[in-house]
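Novice: Chains as they are written, first to last, in the numbering used here: chain A, 1 to 290; chain B, 1 to 290.
It should be emphasised that the hints constitute simulated quantities derived from the structure, not laboratory data. Be a bit skeptical, because a hint or two may be false.
[Unchecked claim] The following label-pair restraints were derived from C-beta to C-beta distances:
no., chain 1, residue 1, chain 2, residue 2, range
1, B, Val23, A, Asn79, 49 to 57 Å
2, B, Ile17, A, Ile197, 27 to 35 Å
3, B, Lys83, A, Ala40, 54 to 62 Å
What you are looking at is a predicted structure, and each value in this text was computed from that prediction instead of being measured. All C-beta atoms, glycine included, are put in the ideal place defined by N, C-alpha and C.
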Amino acid sequence: MTSGFLYGAIAFWLAAWAINEWLVRIRTKDHTLQRIIRLAVPLLFGTSILVLWEGIVRGFNIPSVLLPPPSMIWTRLINSLPTLWADFRQTFLKSVITGYIMGCGLGFLVAIAIDRSPFLQKGLLPLGNFVSALPVVGVAPIMVMWFGFDWQSKVAVVVIMTFFPMLVNTVSGLAAASSMEKDLMRTYAASWFQTLIKLRLPAAWPFIFNALKINSTLALIGAIVAEFFGTPIVGMGFRISTEVGRMNVDMVWAEIAVAAVAGSAFYGIVALVERAVTFWHPSVRGGQTS
Amino acid sequence: MTMREKFLPVLSIVLAIVAIWYVAAVYLNAPFERDTAARAGTTITFSEIVPKTMFQERPVLPAPHQVIAEIWDTTVNKPITSKRSLVYHAWITLSATLVGFGIGTVLGILLAIGIVHNRAMDRSLMPWVIASQTIPILAIAPMIIVVLNAIGISGLLPKALISTYLSFFPIVVGMVKGLRSPEQIQLDLMHTYNASSAQTFWKLRWPASMPYLFTSLKVAIAISLVGAIVGELPTGAVAGLGARLLAGSYYGQTVQIWSALFMAAALAAVLVVIVGAAHTAVLKRMGARP
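Could you build all of it, start to finish, from the sequences and the hints given here?
Specialist: What follows is the structure in structure tokens.
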């Protein structure tokens, strides 16, 4: 009986693989069909992974403490929506969003502020690059000590983590406009501010959005890890670390699923805004067809 | 650019940070001294407070020289095998980082080779690899540690697995880009030579991917270290830099937290520099002109 699950799952997986091999070989002029195929292939692959997971867990009777099957995680997710929502609100809406806006905003403003001082730029840029390679989450215990257990300390961690990528990217973005274009602005007798608004900021958007995308992931990681160091009895990081201690692994997976969806949605929204703002950029213009 | 032009700005910014740090240390630590004085029933002048804030046992913000003294004390004055030696803890974290980084690199390169040579794998796997980067992967860390602990695997391997997981994705993405970087005209040349696909791989694709590989390796090694440190948090690990952070935050030993943080930063810097040096050496062997 149990091995039936396993064979069924493997058969499904092989079938999905075969269909995918067939799908990617289809050549068609129809753009809608092409698009559907592009979407269907990864979706089918994802589904087959889930089915294989379910089959292996049931087929080999793996204890759910080790690895719960997807169906069990789903049931758990549906049954504990209020808890998950409270955690989501604490971690995502309060810590991540606030910290993200403050960190990115601060990085952007500092980059603009040091724009007219090459000396400060030369000093801050190498430092910013250096800090990006450091394990910045390590400041979490200090922030928890300074700002208390609640979401304020998580905001502080997120601000520190997001500040430097934003600073470095904005500074290099502001340098992206070519000297030819800047000369043109000078012939128009444009002021520094006008050049900034009309030429250099638009040219910097791809860089700024790059930082915004990197930061969307970093912010969520920072908030969750900071909660490992102390938090009130709500929050995604708190739930993960306590439920792991109680061996409620299905609840942990449910929380991870929420975090994954939230993280991807956050990233997706930023990417969508990027497409709208930098519609002129080759990577967006070419993105439709290639 | 001369050395002077390069280092003067960085040096002055660093000095400014140190100066701000000292001022902040005085400002943040002063309330404690005033409280102590008030409790003793005496008043204390500002000039008396300042020297005292520099040498508190558990300062809110330790002064830089306190941190440096602590690092010196725990690296040079303690035998390396001692549990109080920072070198010992750094080594524990470093070994997990390197093992995880090694496995992650090999896995990532193999997967990238598969993706480049198989259309179905490319279409079905690549979207998930990219989507997985938007997920706060570190949230899974405590579960991996605890679950592997439950089935009797503890110590270095679980932490290394987290590092593997983190370092794996940048390498896949970078290597896929790198292995695809040869232009059509170069591939056509290989074709006219009647080169087999293995020959094309070793003589064209592999060498062409080297710059991309090393750029990813730099990101991967930094994130591996973060993974190893975070991996030490959830179990209340006894050794490693993450354990030092956690213990420091439990007992309010701020000097210990800061010294662990500085050690982690130094470790990250050294690792990135080593990868960078390997990058230059490999490019030089391949005949690239600087």
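Novice: Does each hint fit the structure? Answer for all of them.
Specialist: Tested hints:
no.: 1; hint: B:Val23 with A:Asn79: 49 to 57 Å; result: 53 Å, holds
no.: 2; hint: B:Ile17 with A:Ile197: 27 to 35 Å; result: 32 Å, holds
no.: 3; hint: B:Lys83 with A:Ala40: 54 to 62 Å; result: 56 Å, holds
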